[in-house]
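Between the sequences and the hints, there should be enough to build the whole structure, so can you do that?
Protein chains: 2
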Amino acid sequence: MHTKETCQRSMLAIKDTMDVVGGKWKLVLITVLMSGKRRFKELSRETGISPRILSKELQEMEMNGLITRTVCDTRPITVEYAITPYCETLKGVLEAMYDWGTKHREKIIGS
Amino acid sequence: MHTKETCQRSMLAIKDTMDVVGGKWKLVLITVLMSGKRRFKELSRETGISPRILSKELQEMEMNGLITRTVCDTRPITVEYAITPYCETLKGVLEAMYDWGTKHREKIIGS
DNA sequence: GTTATCTGTTACCTAAAGGATACCGATTAC
DNA sequence: GTAATCGGTATCCTTTAGGTAACAGATAAC
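Quick note, the sequences are listed as chains L and Y, same order. 48 is the number of the first residue of the first sequence in our numbering; add one for each residue after it. 48 is the number of the first residue of the second sequence in our numbering; add one for each residue after it.
One should not assume that every hint holds.
Note: identical chains are not told apart, hence a pair may lie in one copy or across any two.
List time: in silico DSS-like cross-link candidates among lysine-lysine, alpha-carbon distance up to 30 Å [to be verified]:
{"no.": "1", "residue 1": "LYS154", "residue 2": "LYS88"}
{"no.": "2", "residue 1": "LYS51", "residue 2": "LYS150"}
{"no.": "3", "residue 1": "LYS71", "residue 2": "LYS150"}
{"no.": "4", "residue 1": "LYS84", "residue 2": "LYS51"}
{"no.": "5", "residue 1": "LYS154", "residue 2": "LYS73"}
Since the hints were derived computationally from the structure, they do not count as laboratory data. Please read these numbers as outputs of a predicted model, since none were measured by experiment.
Structure below.
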């Protein structure tokens, strides 16, 4: 049975998730980083995100404990972004969205 | 192994999903409708969405085949919104986001 | 007749999200 | 010197998302 309380709880949980990974780019960035750490310019090239937006998104994700930012002592200096163990807990969300998006595309194209 | 192609495919699938259920309200509305059909004012009250936004969101979701809109011959006329079988295929996404949001809230509060 | 309910629509506005481009200091390669 | 690389920041702008409030037509209750 679905009471009003469980419905409110469900809405709240969905909103909470979207507060953290909502928006146009965060889930895309996590998807990329799931396949291995990347540098700033690599992320920019691979996703097509402009540097201003990328910088902002990465900062927010770091604040939420989803990614780490590591400055490497190379010439020139490089910075590596990688997902945290906490970010790995989003794998279920990513997989569900990947599966659905794939099937949805097939359905749209095939219709 | 993660090739560049699989990474691009993953990004595309995630973007496709977000094109359909992205934004602030669509997943919230689906969450509510998963527990049973609702009328316009009920949805507005239960979610706090203003009528203008609600109308727009419902139209988009109907166009994407996620919900049905049924005019009932009552006095005054009422309109019922319900999820379609296709919308049910989003259940995995919703559940993953519900689980994560719930655990995230616990983690934030408990810290 | 007045008021209320229902489902929306319309007009107007603000805030936020996102994007394009140039540029910074540091370094290396030519 | 010139150009290119790195990780960003600063400035400007457009677009979209979202919100408020009023109101529409229809009907029913008082």
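Quick rundown of the hints versus the structure:
no. : hint           : result
1   : LYS154 / LYS88 : neither (35 Å within a copy, 32 Å between copies)
2   : LYS51 / LYS150 : between (32 Å within a copy, 21 Å between copies)
3   : LYS71 / LYS150 : both (20 Å within a copy, 23 Å between copies)
4   : LYS84 / LYS51  : between (43 Å within a copy, 13 Å between copies)
5   : LYS154 / LYS73 : both (26 Å within a copy, 20 Å between copies)
Comparing the model with each numbered hint stated earlier shows that hint 1 is the single one that does not hold.
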